[in-house]
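Given these sequences and hints, build the entire structure.
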Amino acid sequence: MEFPKDLKYTKEHEWVKVEGNIATVGITDYAQDSLGDVVYVELPQEGASVTKHEPFGVVESVKAVSDLYSPLSGSVTEVNDAIVDSPEAINEDPYGDAWMIKVEISSDSDLGDLLTADEYQKFIEEEK
Amino acid sequence: MPYIPHTAKDIEKILKAVGAGSAEELFSQLPAASRLKGPLAIPDGLSEQDLLSHLKALSSKNSTVEEYSCFLGAGAYNHYIPSIVDAVISRSEFYTSYTPYQPELSQGTLQAIFEYQTLVCQLTGMDVANASLYDGATAVAEAALMARRITGRQGIVLASALHPEYRETVATYLTGTGDHLSQALYCAETGTTLPESIDAACDDNTACVIIQHPNFFGSLEDIEAIAEVVHRKKALLVVAVTEAVSFGLLKSLGDSGCDIAVGENQSFGNPLSYGGPYLGFMATKSEFVRQMPGRLIGQTVDREGRRAFCLTFATREQHIRRERATSNICTNHGLCALAASVHMVSLGSGGLRKLAALNLSKAEYLKKKLKESGVEAAFTSPTFNEFTVKVKGGAEAALKKLLDKKIIGGLALKRYYPELGEHLLIAATEMNSKEEMDNLAGLLK
Amino acid sequence: MEANGTKGLVLEEPLIFEKSFPGRAGIGPAPSDVPEADPASVLPSKFLRKGIEGFPDISEMDAARHYTRLSQWNFGLDSGFYPLGSCTMKYNPKINETAARLPGFAMLHPYQPEHLSQGALELMHSLEGYLAEISGMEAITLQPSAGAHGELCGLLMMAAYFKAQGKPRTKIIIPDTAHGTNPASSHLAGFKVVPVKTEGKGALSVEMVRAVMDEDTAGLMLTNPNTIGLFERNIKEIADLVHSKGGLVYCDGANMNAIMGLVKLGDLGVDVVQLNLHKTFSTPHGGGGPGSGPVGVGKVLEPYLPCPRIKKEGGKYSLDFNRPDTIGRMKAFYGNFSIMVRAYSYIRRMGGAGLKRASETAILNANYIKERLKGTYHLAFDEPCMHEAVFSDKFQLGSGISTMDIAKRLIDYGYHPPTVYFPLVVHGAIMIEPTETETVDTLDRFIEVMKAIAEEAKTNPQLLKDAPTKTKIRRVDETRAAREPILRWK
Chain A
1 MEFPKDLKYT
11 KEHEWVKVEG
21 NIATVGITDY
31 AQDSLGDVVY
41 VELPQEGASV
51 TKHEPFGVVE
61 SVKAVSDLYS
71 PLSGSVTEVN
81 DAIVDSPEAI
91 NEDPYGDAWM
101 IKVEISSDSD
111 LGDLLTADEY
121 QKFIEEEK
Chain B
1001 MPYIPHTAKD
1011 IEKILKAVGA
1021 GSAEELFSQL
1031 PAASRLKGPL
1041 AIPDGLSEQD
1051 LLSHLKALSS
1061 KNSTVEEYSC
1071 FLGAGAYNHY
1081 IPSIVDAVIS
1091 RSEFYTSYTP
1101 YQPELSQGTL
1111 QAIFEYQTLV
1121 CQLTGMDVAN
1131 ASLYDGATAV
1141 AEAALMARRI
1151 TGRQGIVLAS
1161 ALHPEYRETV
1171 ATYLTGTGDH
1181 LSQALYCAET
1191 GTTLPESIDA
1201 ACDDNTACVI
1211 IQHPNFFGSL
1221 EDIEAIAEVV
1231 HRKKALLVVA
1241 VTEAVSFGLL
1251 KSLGDSGCDI
1261 AVGENQSFGN
1271 PLSYGGPYLG
1281 FMATKSEFVR
1291 QMPGRLIGQT
1301 VDREGRRAFC
1311 LTFATREQHI
1321 RRERATSNIC
1331 TNHGLCALAA
1341 SVHMVSLGSG
1351 GLRKLAALNL
1361 SKAEYLKKKL
1371 KESGVEAAFT
1381 SPTFNEFTVK
1391 VKGGAEAALK
1401 KLLDKKIIGG
1411 LALKRYYPEL
1421 GEHLLIAATE
1431 MNSKEEMDNL
1441 AGLLK
Chain C
2001 MEANGTKGLV
2011 LEEPLIFEKS
2021 FPGRAGIGPA
2031 PSDVPEADPA
2041 SVLPSKFLRK
2051 GIEGFPDISE
2061 MDAARHYTRL
2071 SQWNFGLDSG
2081 FYPLGSCTMK
2091 YNPKINETAA
2101 RLPGFAMLHP
2111 YQPEHLSQGA
2121 LELMHSLEGY
2131 LAEISGMEAI
2141 TLQPSAGAHG
2151 ELCGLLMMAA
2161 YFKAQGKPRT
2171 KIIIPDTAHG
2181 TNPASSHLAG
2191 FKVVPVKTEG
2201 KGALSVEMVR
2211 AVMDEDTAGL
2221 MLTNPNTIGL
2231 FERNIKEIAD
2241 LVHSKGGLVY
2251 CDGANMNAIM
2261 GLVKLGDLGV
2271 DVVQLNLHKT
2281 FSTPHGGGGP
2291 GSGPVGVGKV
2301 LEPYLPCPRI
2311 KKEGGKYSLD
2321 FNRPDTIGRM
2331 KAFYGNFSIM
2341 VRAYSYIRRM
2351 GGAGLKRASE
2361 TAILNANYIK
2371 ERLKGTYHLA
2381 FDEPCMHEAV
2391 FSDKFQLGSG
2401 ISTMDIAKRL
2411 IDYGYHPPTV
2421 YFPLVVHGAI
2431 MIEPTETETV
2441 DTLDRFIEVM
2451 KAIAEEAKTN
2461 PQLLKDAPTK
2471 TKIRRVDETR
2481 AAREPILRWK
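Chains as they are written, first to last, in this note's numbering: chain A, 1 to 128; chain B, 1001 to 1445; chain C, 2001 to 2490.
No lab work stands behind these hints: they were computed from the structure.
Bear in mind the structure is a predicted one, so any value in this text is a computation, not a measurement.
Treat the hints with care, since some could be wrong.
Derived lysine-lysine pairs resembling DSSO-like cross-links, with alpha carbons at most 27 angstroms apart [what the hints assert, rightly or not]: (1) B:K1251 to C:K2490; (2) B:K1056 to C:K2201; (3) A:K8 to A:K102; (4) A:K63 to C:K2046; (5) B:K1406 to C:K2316; (6) C:K2465 to B:K1371; (7) C:K2316 to B:K1400; (8) C:K2046 to B:K1401; (9) A:K63 to C:K2311; (10) A:K63 to C:K2197; (11) C:K2201 to C:K2007.
For each label pair, taking beta carbons as the anchor points, the in silico distance ranges come out as [said to hold, decoys possible]: (12) C:E2012 to A:D81: 37 to 43 angstroms; (13) B:L1181 to A:D113: 42 to 48 angstroms; (14) B:R1290 to C:D2176: 40 to 46 angstroms; (15) C:I2486 to B:R1149: 52 to 58 angstroms; (16) A:K17 to C:T2469: 42 to 48 angstroms; (17) B:R1149 to A:E126: 49 to 55 angstroms; (18) A:E78 to B:S1286: 24 to 30 angstroms; (19) C:K2451 to A:E127: 31 to 37 angstroms; (20) C:E2383 to B:S1286: 57 to 63 angstroms; (21) A:E125 to B:D1203: 41 to 47 angstroms; (22) C:V2212 to B:S1022: 53 to 59 angstroms; (23) B:D1203 to A:D108: 35 to 41 angstroms; (24) C:G2005 to B:E1025: 33 to 39 angstroms; (25) B:K1406 to C:K2163: 42 to 48 angstroms.
All C-beta atoms in this analysis are idealised placements derived from N, C-alpha and C, irrespective of residue type, glycine included.
Listed below in structure tokens is the structure:
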């Protein structure tokens, strides 16, 4: 299982890549593996605002459904519609093709509590 | 003891295996203070033979729709059920199995329900149908909740010409989540719901408008005109059908602008049985499938690539989504859906059309005979196999007179619509002979 | 050990639509004895359809063969052992089917006059009485169509009760072992669910409830016996606590089969309970219903029961609609009457003593399985169980074998698998409910097979991974069904 070092992570199993004031968000390799074959994903509209720790979407496998929690607050600038049509990408390439949304980070959004790859890996070891 | 095969030896064997001296030891987790001391106050068990005699005696205290000429409809229709229906649903592979959770052992149920879903789509002209709901009334309530999920709005407009018990059921279902109910009144002249009335009842919080077609008075609603108004208000149109045989003649709901088609499929293959179990159906457009309540069967393949069926979109359902499920429904009315399928299939497209036409002919004949007796249709709109008449001297008095001649003449509407004291709702199906209808008309002269 | 499943000629059968041949007719209606009305002249054209696209046209015999072949792909209770936990798959007596089909029950219109329906009303009234006696409740409504429908009915009554007191309550406590219908019904009734973790203990304690019960909480919804097959021993104390805060106790009675004639829920502080006639009272499940979910209530909720009620006065039965505090109605008409006939037939056949014996024997059978399999499969809670025992795949996971594989392998041996992956609190749960109608021989054979499968898991796990192999189809691709949905024939 992979946890790229250049990403930040949350305890709800999302990853974040911060570039300037834009954050790209997806779910981790661990999350996709726990869910099994992803069959459906529901993402917000472009322009929607997302709030830290609040759900912004839903991801489903055949027998499980999981909320997607936003790691930060801001407004959605881009949505990866390709994964809505082929959700299997989430299983195949969770950190690449299957990114979910890009968010313009609001000025007051706190990024301090995001986990590093090592911290996240330790967290899921404990959770198992 | 019936149905319990254990001998004293068996019980001894079990107790020995579990290391208990007596069965009582196994019940030790039950609070001693609350254990029942005496026997249940329920009569002693009967032999099967005595039980059947008792049941026959009890059932003979009822009078059936065979013993009386019955002109009752109002959401429960007396139709001929071909023998093949009971032959199929009596196969214990069907009726003694559970919900098809294990697809490898349930392909029969799964394929049959997949076919049922298809038949409902064909009848209603919609894209997708679920495996069944309890009955027409609960299907309407579920449609109201579904419309709220789709639109994000709360208001539900019910046509007053929707079955009164359906309206009551919707009201009961919605008490928990804020009712926001309003009514669109029927027109006293046509007996239908006019687009103006819908327009007046809608506002910008209206999630859906629910009409019935043919409506409770038997009148055909102008669905297209109503749909135009409803869609202008950015709400959804829900159309309920209580007499599914009408599908054989009437324009499909999907072609008429309906967004969610619901109703009662009892008319196909399910006996009257004093009101249940019946068969709620729901069909809608593809885009709304994730907001549907109830089970859905999908086609897929097995490991070796052969066609197979399984439950699908289960993440909508209570066992996975719990409080966020699209409905709380679990057990539905699968065997009723099978009965309906067998009836529909044995009719075929030609047979269904003929049956519908026959129902229309019977009702038109009865209307004519009643008119000759001076009993006039109460409303001007066209009807299918059920219609409302005005009886001088009141409907209830007329019904009483008919009962003496072993005729159940229909339903007096006063209880549901106080303003309709003289109004009688009459249904005529293929089960009502010319002679019966002549008698009815003659007695009402 | 040789597998039980054997060869048999199973025929392929297309979809009914693929057998259709235009113009072929099945069972048409009788000829008309009245002048035929031409639809096109009676009804304006805007109301009429041309045909029904795709609707099948087949002969009666083809239809009979079609459904007979489909039935042969099914496994019912009459086919073999069906230990589906929480579903109480007991024998469905054939006399019940005869009873429900008596014309004097099957051919009654719900709106026919009451004086022509005295037998039906009497049966319903008596059944209410029996169910009240068995559950220890004051009054019963037979209206709900299924367990979840009964739950909604009971919860709406609770909401109405608090509303009538001028103090609506917004929350309800539900343990994590609950059936999914409990939170779903609560949500529909307008309550916010407060989950309680049973923390691996399998049962609720007074403390767990005390920690969350307050005066905004309508009460507690629990299942007793619970979904782990254990009796909630502290129910009386828990109920006292809930009542002391003004709350009510809802009991999901899905597992009533364990306690008939042993204890009454009404004596244990339960205010409202739904009973599943298609479980405890032997009515068939029909491949997914119809069931029936009567609800019993104590005195405080009696005024809120749905309408109509069945009234007996001077030896005459009638329907009472005059109930000012009623929640309304749960469906059209009076409930699933033909299911009530079956349950009535069962209760009269068993008698009071027979019902008690049924529960006792169900407990014996479950404990027998629990005891004999507990070394082979991991037992979630090692204490005497009620009507069902919950195991898991913990001992087999090391061989790469999961509950799903065990379940599928059981099919090759000719058994319907137990309930799997429920309750959610037991990882990889295997929930076995044998019921009282199975002989000890059947249980012995099943136990041997379960042991053989555990052995296979060690020595030849591939057998389990490949299972089932003897069914008409192999494991199905559920992912594909969801990703590329085909929900109808076209």
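Q. Which of the numbered hints above does this structure break?
A. Violated hints (numbers, rising): 2, 4, 6, 8, 9, 11, 14, 15, 17, 20, 21, 22; every other hint is consistent with the structure.
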